[in-house]
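K.L.:
Listed below are the residues making up each chain.
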Amino acid sequence: MLLALDLLGIFVFAISGGLVAVRNQLDIVGVVVLAMATGLGGGVIRDVLIGAVPPPALDDWRYLAVPAGAGLVTFLWHPAVERLERVMNVFDAAGLGMFCVAGALKAHDYGLGPAPAAALGMLTGIGGGVIRDLLAGRVPVVLRSGELYAIPALAGAAVAATGVELGVRPAVVVVPGAVLASGWRLLAFRKGWTAPAPRVSPPR
Amino acid sequence: MLLALDLLGIFVFAISGGLVAVRNQLDIVGVVVLAMATGLGGGVIRDVLIGAVPPPALDDWRYLAVPAGAGLVTFLWHPAVERLERVMNVFDAAGLGMFCVAGALKAHDYGLGPAPAAALGMLTGIGGGVIRDLLAGRVPVVLRSGELYAIPALAGAAVAATGVELGVRPAVVVVPGAVLASGWRLLAFRKGWTAPAPRVSPPR
Amino acid sequence: MLLALDLLGIFVFAISGGLVAVRNQLDIVGVVVLAMATGLGGGVIRDVLIGAVPPPALDDWRYLAVPAGAGLVTFLWHPAVERLERVMNVFDAAGLGMFCVAGALKAHDYGLGPAPAAALGMLTGIGGGVIRDLLAGRVPVVLRSGELYAIPALAGAAVAATGVELGVRPAVVVVPGAVLASGWRLLAFRKGWTAPAPRVSPPR
Numbered sequence: 001m002l003l004a005l006d007l008l009g010i011f012v013f014a015i016s017g018g019l020v021a022v023r024n025q026l027d028i029v030g031v032v033v034l035a036m037a038t039g040l041g042g043g044v045i046r047d048v049l050i051g052a053v054p055p056p057a058l059d060d061w062r063y064l065a066v067p068a069g070a071g072l073v074t075f076l077w078h079p080a081v082e083r084l085e086r087v088m089n090v091f092d093a094a095g096l097g098m099f100c101v102a103g104a105l106k107a108h109d110y111g112l113g114p115a116p117a118a119a120l121g122m123l124t125g126i127g128g129g130v131i132r133d134l135l136a137g138r139v140p141v142v143l144r145s146g147e148l149y150a151i152p153a154l155a156g157a158a159v160a161a162t163g164v165e166l167g168v169r170p171a172v173v174v175v176p177g178a179v180l181a182s183g184w185r186l187l188a189f190r191k192g193w194t195a196p197a198p199r200v201s202p203p204r
Numbered sequence: 001m002l003l004a005l006d007l008l009g010i011f012v013f014a015i016s017g018g019l020v021a022v023r024n025q026l027d028i029v030g031v032v033v034l035a036m037a038t039g040l041g042g043g044v045i046r047d048v049l050i051g052a053v054p055p056p057a058l059d060d061w062r063y064l065a066v067p068a069g070a071g072l073v074t075f076l077w078h079p080a081v082e083r084l085e086r087v088m089n090v091f092d093a094a095g096l097g098m099f100c101v102a103g104a105l106k107a108h109d110y111g112l113g114p115a116p117a118a119a120l121g122m123l124t125g126i127g128g129g130v131i132r133d134l135l136a137g138r139v140p141v142v143l144r145s146g147e148l149y150a151i152p153a154l155a156g157a158a159v160a161a162t163g164v165e166l167g168v169r170p171a172v173v174v175v176p177g178a179v180l181a182s183g184w185r186l187l188a189f190r191k192g193w194t195a196p197a198p199r200v201s202p203p204r
Numbered sequence: 001m002l003l004a005l006d007l008l009g010i011f012v013f014a015i016s017g018g019l020v021a022v023r024n025q026l027d028i029v030g031v032v033v034l035a036m037a038t039g040l041g042g043g044v045i046r047d048v049l050i051g052a053v054p055p056p057a058l059d060d061w062r063y064l065a066v067p068a069g070a071g072l073v074t075f076l077w078h079p080a081v082e083r084l085e086r087v088m089n090v091f092d093a094a095g096l097g098m099f100c101v102a103g104a105l106k107a108h109d110y111g112l113g114p115a116p117a118a119a120l121g122m123l124t125g126i127g128g129g130v131i132r133d134l135l136a137g138r139v140p141v142v143l144r145s146g147e148l149y150a151i152p153a154l155a156g157a158a159v160a161a162t163g164v165e166l167g168v169r170p171a172v173v174v175v176p177g178a179v180l181a182s183g184w185r186l187l188a189f190r191k192g193w194t195a196p197a198p199r200v201s202p203p204r
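Protein chains in written order, with the UniProt record's numbering: chain A, 1 to 204; chain B, 1 to 204; chain C, 1 to 204.
None of these hints come from the bench; they were simulated from the model.
Treat the hints with care, since some could be wrong.
Listed next, the stretches of chain C that the computed footprint assigns to chain B, with coverage defined by at least 3 CB atoms under 8 Å from CB atoms of chain B [to be verified]:
1. 49-60
2. 159-166
Ranges of calculated distance between the beta carbons of each label pair, as one might list FRET restraints [what the hints assert, rightly or not]:
3. G183(B) with V87(A): 41 to 49 Å
4. P176(C) with L187(B): 35 to 43 Å
5. R83(C) with Q25(B): 51 to 59 Å
A virtual CB, placed ideally from N, CA and C, is assigned to each residue, including glycine.
Starting from the given sequences, assemble the full structure and let the hints guide the process.
P.N.:
Right under this line is the structure:
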């Protein structure tokens, strides 16, 4: 059940990577590599930082097959995939919630305190998209668009990290953490809420 | 003997990094850093992912001296080095074959199954070039050019990874794996074979 | 005392990351993430390469709070921060000296020889800025500007790495290594000394 949810999140993230690759006119290698990097990148960065190597993504062939398949699907049928993009946003928000909570809990398991665990949870949620954008030659969307994406992820991860630090069982903190991150993200997307940008100084 | 071949592959990859740096008007630091990152990057990424740290590139001074020397050679005599570029393509294909097979075998040694080992073998072959291009501010060539580069590397790595998984001795799988990757790469380069790109949807 | 110096260096580097983010019109997430990546990136790369994971930056909340605070300060008061930039150059040079020496000594502690330790010391000093520039979508300044930044860092790290290799106590090699790197960097900045760039071949 958890594995299926995890693979679903990876699949959705990977589709977003494949679409960015298609739009930037990469070839089939680029589409599959961006799909895999987007689906797996956040978790792999977290695993390397906490010393959980080789990461599970390299221990179980399904973790490679799912994002590679998402890349091939996007390569072959990208016009159809693009028409599903509005629906995908719901799944992407769900994936974000799962990834940030799972990242925070795994960091806690490896002995990290609540603040680093929350930071690594956020990184698990946004890391794949950052790698995707770097490979596609653009400044990561999550750092510049003003969309509420990283902040809900950090909030959800912080709830989970604080909960387990206080002795609450992981299974209990998963739901509020993931719902907070996914719900806030989705509401912000629907309502157009944005994160603040620096006030621009007038040019001299 | 193996060490000499390995260092030769690193040298050739490093030259390609140095040339990209010169063409992008980097300074001497950029030329040497790009040479070293291109020569060593693929292997270092693999080693970090499987937990083989510190990587051998940091345990033996020759692994630093060879790509640093390649960078300095490129910095000082880049017009001459550029004239050798056609010859270099042969050595680059040979390096690709060695790197992808060595990467797959090392991943197998660290307990990875055949699919992840093949993926890491490919990553060993293409990783240095990806880092080179990111540092030079361009979308990695291997992801967009349509050249057959990553696919032959994956094929060669898959042959080696499957072979050792089936119990064949490493020394026996090296040759077919490397010859497949290098030969396919070189033939594709000569004949102009390309990997498919996504069909572009007509603009609406 | 050492912790305070370390945190000061991280703070100054983080401010430079925040300023680059503001100038590239990133949002608040981008400003804080670039500040943290610039302040912590060099040390984290070193720690991952030598196997010192989780890195101290994830074990002590102050290592996260200081660069995050620097990011928020830059976000809120960037016009004032920019006016301090000339002063900041002095602190940045001091941070560079400390980082390259501390990086070299830590690499030595993990069993690396003097050449790799010196290389990792330099990487500790410049790595954060490289990540900052990649995330901001520009070719790393340290690779192209011709400014003497990486070379003084390498020299300082080499002094420290060679010293401890010869049996000198770490406390004794810190000062000459850091003074060499910081002083050379600052003098070069003041006097406009530059590193050589490749001679450009005339276009054909």
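K.L.:
Taking the CB of G183(B) and the CB of V87(A), does the distance hold inside 41 to 49 Å?
P.N.:
The hint (41 to 49 Å, Cβ to Cβ) holds, given that G183(B) and V87(A) are roughly 45 Å apart.
K.L.:
Taking 8 Å as the C-beta cutoff, is the stated coverage of the stretch 159-166 of chain C by chain B satisfied by three or more residues?
P.N.:
n = 0 at 8 Å, threshold three: violated.
K.L.:
In terms of beta carbon proximity below 8 Å, does the stretch 49-60 of chain C have 3 or more residues touching chain B?
P.N.:
With 3 residues closer than 8 Å to chain B, the stretch 49-60 of chain C meets the three-residue bar; holds.
K.L.:
Confirm or reject the claim that R83(C) and Q25(B) have a C-beta distance inside 51 to 59 Å.
P.N.:
violated (31 Å)
K.L.:
Has the hinted range 35 to 43 Å been met by the Cβ atoms of P176(C) and L187(B)?
P.N.:
About 56 Å separates the Cβ atoms of P176(C) and L187(B), which means 35 to 43 Å is violated.
Violation of the numbered hints given earlier is confined to hints 2, 4 and 5; the remaining hints are satisfied by the structure.
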